[in-house]
Amino acid sequence: MLQTAVAPLPEPVAGRIPGNKGIWAGILSEMTEFALLFGVYFIARAHYPEAFREGPARLSTLAGTLNTVMMISGSYFVAKSVHAIRQNRQQVSLRWLFLVLLAASGYMVIKAIEFQWNVSHGITGGMNLFFTVYYYLTFTHIVHVGWGMMGLLWVMVRTGSGAYSPADHDGLEAFASYWHATDLAWLVIFPLLYVLH
Amino acid sequence: MMSHEKLIDRLWLLLVALTLGGAWIGESAEPGLAVTIIIALTMAFKGRMVVDHFMELKTANRTLRNLMRGFFYVLPAVTVLTSLFGDWLARLTTL
Chain H
1 MLQTAVAPLP EPVAGRIPGN KGIWAGILSE MTEFALLFGV YFIARAHYPE AFREGPARLS
61 TLAGTLNTVM MISGSYFVAK SVHAIRQNRQ QVSLRWLFLV LLAASGYMVI KAIEFQWNVS
121 HGITGGMNLF FTVYYYLTFT HIVHVGWGMM GLLWVMVRTG SGAYSPADHD GLEAFASYWH
181 ATDLAWLVIF PLLYVLH
Chain B
198 MMSHEKLIDR LWLLLVALTL GGAWIGESAE PGLAVTIIIA LTMAFKGRMV VDHFMELKTA
258 NRTLRNLMRG FFYVLPAVTV LTSLFGDWLA RLTTL
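Sequence lines, in order, name chains H and B. Be aware that the first sequence starts at 1, since it is given in the numbering used here, and climbs by one per residue. Be aware that the second sequence starts at 198, since it is given in the numbering used here, and climbs by one per residue.
Quick caveat, the hints were computed from the structure, so don't treat them as lab data. Any given hint might turn out to be false.
What the hints assert, rightly or not - Every beta carbon over 12 Å from chain B, so not counted as near; a handful from chain H, in silico:
| # | residue |
| --- | --- |
| 1 | Phe77 |
| 2 | Ser105 |
| 3 | Val109 |
| 4 | Ala112 |
| 5 | Gln116 |
| 6 | Asn118 |
| 7 | Val119 |
| 8 | Gly122 |
| 9 | Ile123 |
| 10 | Met149 |
| 11 | Ser161 |
| 12 | Asp168 |
| 13 | Gly171 |
Stated by the list, open to error - Below, simulated DSBU-like cross-link-like pairs (lysine-lysine); rule was C-alpha separation at most 30 Å, straight line:
| # | chain 1 | residue 1 | chain 2 | residue 2 |
| --- | --- | --- | --- | --- |
| 14 | B | Lys203 | H | Lys21 |
| 15 | B | Lys255 | H | Lys21 |
| 16 | B | Lys203 | B | Lys255 |
Keep in mind it's a predicted model, so treat the numbers as computed, not measured. Glycine included, each C-beta is placed from N, C-alpha and C at the ideal position.
Generate the whole structure from the sequences, applying the supplied hints.
What follows is the structure in structure tokens.
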């Protein structure tokens, strides 16, 4: 008889990798993409300091603040979902994931209202470089939240069908790591675009 | 010692409070170097808390932890440096 048993992969010497290696390739690509866009922001700010001083005052601080609360809360809810699955509480974990979906949907609705508000106040991407950078950064972030929501629906189905256990929930952890990274990008966007005058 | 779950419960409230404080600064404070430093430090702190405790990298892979923590050293620092040396950066990046 052939021995088909495979020894488990050893833990990396430098420590545990949350989720899996694949998601971290994605997360580090995402962070690199945002780092480049932030680089563009700083260079544009250096060239057009007046536009960047005046720009944030024309945006809706309320929309930016509410979306920050949505991102931070989504990040917290998914961390709670991971905790619940570690305690073998699938239904509780799924309920936290519903709250993540609520926060993500709230973010999308607020963004849509904000963009409509911008249009009604005559704010377009072509006004000056501040608003060009604002639309580039926020649209890129929306795309990442969109990818995340698709991943979220997948892990909700998996959690609902009992696919995760305290011993095996790498998929849920991978999604959680991605969602936290998307939150992190917003934690830079909010002060740079809405707060810093 | 506080459990990890309790810690993230409290961190959530703290991060939301800091966000509201940041919005208040943006709306009411006179722009200046001190305000820029406060905004940069808040950005650094919030990022570090998410990286260490929500992402749980504090006790995970060293390389990932350093890369993600590095993001929140570099960007707040560049925020302050751009405010201090914007003219120099503009000259350096003029084609």
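Quiz prompt | Hints violated by the structure (listed by number, smallest first) | solution = 1
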